[in-house]
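Participant: Sequence:
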Amino acid sequence: MSGRGKVGKVRSKAKIRSARVGLKLPVGCVHRLLRKGNYAERVGPGAPVYLAAVPEYLAAEVLELAGNAARGNKKTRIIARPLQLAIRNDEELNKLLDGVTIAQGGVLPNKY
1 MSGRGKVGKV RSKAKIRSAR VGLKLPVGCV HRLLRKGNYA ERVGPGAPVY LAAVPEYLAA
61 EVLELAGNAA RGNKKTRIIA RPLQLAIRND EELNKLLDGV TIAQGGVLPN KY
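Numbers 1 to 112, taken from the UniProt record's numbering, label the letters of the sequence shown in order.
For the record, the hints were derived by calculation from the structure and aren't laboratory data. Check each hint, because a few of them may be wrong.
What the hints assert, rightly or not - Keeping only pairs whose Cα atoms sit at most 20 Å apart, straight-line, the calculated SDA-like set for lysine to any residue is: (1) K111 to N89; (2) K24 to E64; (3) K95 to L58; (4) K24 to A70.
As the list claims (entries may be wrong) - Computed Cβ-Cβ distance ranges for the label pairs, DEER-style: (5) G22 to I78: 22 to 30 Å; (6) K74 to L34: 23 to 31 Å; (7) L58 to R11: 31 to 39 Å; (8) Y50 to K95: 15 to 23 Å; (9) A59 to L34: 13 to 21 Å; (10) Y39 to A19: 41 to 49 Å; (11) I16 to E64: 21 to 29 Å; (12) E61 to V7: 26 to 34 Å; (13) L51 to A14: 19 to 27 Å; (14) G8 to R71: 51 to 59 Å; (15) A60 to P109: 36 to 44 Å; (16) A103 to V54: 41 to 49 Å; (17) N94 to K74: 19 to 27 Å.
Note that the structure is predicted; figures quoted are calculated from it, not measured. Glycine included, each C-beta is placed from N, C-alpha and C at the ideal position.
Working from the sequences, and respecting the hints, build out all of it.
Facilitator: Right, here's the structure in full:
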């Protein structure tokens with residue numbers, strides 16, 4: 001016998017939860033904020049993942065529509081005007097952000 005004792009498995013590199021579920025927003029920070037705030041005594045493992053995924057999805061949706069609106073106006077940069085056009089032309093986003101004023105967004109063109 002060589003006297004080495006039990007040889008354990010090689011541990012793989014730790015993966016943060018955001019990368020594990022494919023999100024950009026930090027799941028660990030959301031989990032910490034849920035624990036620190038007085039929301040509940042215990043926080044389940046799926047709650048911070050879901051809570052980080054929702055704003056990321058909304059941001060991706062708005063940015064995609066704003067990029068399409070900017071490209072439609074032959075612009076390469078997303079500024080307030082394409083954001084306004086994208087949000088107001090989408091029925092669900094318009095309902096969600098009904099009371100929101102976007103600075104320098106302008107108004108929608110009036111079609112008769």
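Participant: Are the hints correct? Go through all of them and say.
Facilitator: Outcome of the hint check:
For the given pair, K111 sits about 12 Å from N89 by alpha-carbon distance, which is consistent with the 20 Å threshold. A hinted pair counts as satisfied when its Cα atoms are at most 20 Å apart, and K24 with E64 qualifies at roughly 16 Å. Under the criterion of a C-alpha separation no larger than 20 Å, the hint pairing K95 with L58 is consistent with the structure, at around 13 Å. Between K24 and A70, the direct Cα distance comes to roughly 24 Å. Violation of the 20 Å bound is thereby established for this hinted pair.
At roughly 23 Å, the beta-carbon separation of G22 and I78 lies within the given 22 to 30 Å, and the hint holds. Between K74 and L34 the beta carbons are some 44 Å apart, a value that contradicts the proposed interval 23 to 31 Å. For the hinted restraint 31 to 39 Å between L58 and R11, the CB-CB distance of approximately 37 Å keeps it satisfied. Remark: the range hint 15 to 23 Å for Y50 to K95 is upheld by a beta-carbon distance near 22 Å.
For the pair A59 and L34, the supplied restraint of 13 to 21 Å holds, since their beta-carbon distance comes to about 20 Å. Judged by the Cβ atoms, the range 41 to 49 Å given for Y39 and A19 is violated: they are separated by roughly 25 Å. At roughly 26 Å, the beta carbons of I16 and E64 sit within the given window of 21 to 29 Å. Taking the beta carbon of each, E61 and V7 are about 50 Å apart, not inside 26 to 34 Å as hinted.
As the Cβ distance of L51 to A14 is approximately 22 Å, the hint placing it in 19 to 27 Å holds. Roughly 54 Å separates the CB atoms of G8 and R71, a value that falls within the hinted 51 to 59 Å. Checked against the hint of 36 to 44 Å, the pair A60 and P109 fails, with Cβ atoms roughly 26 Å apart. Between A103 and V54 the beta carbons are some 25 Å apart, a value that contradicts the proposed interval 41 to 49 Å.
Hint check: N94 to K74, Cβ distance near 24 Å, so the stated range 19 to 27 Å holds.
Hints 4, 6, 10, 12, 15 and 16 from the earlier list are contradicted by this structure; the remaining hints agree with it.
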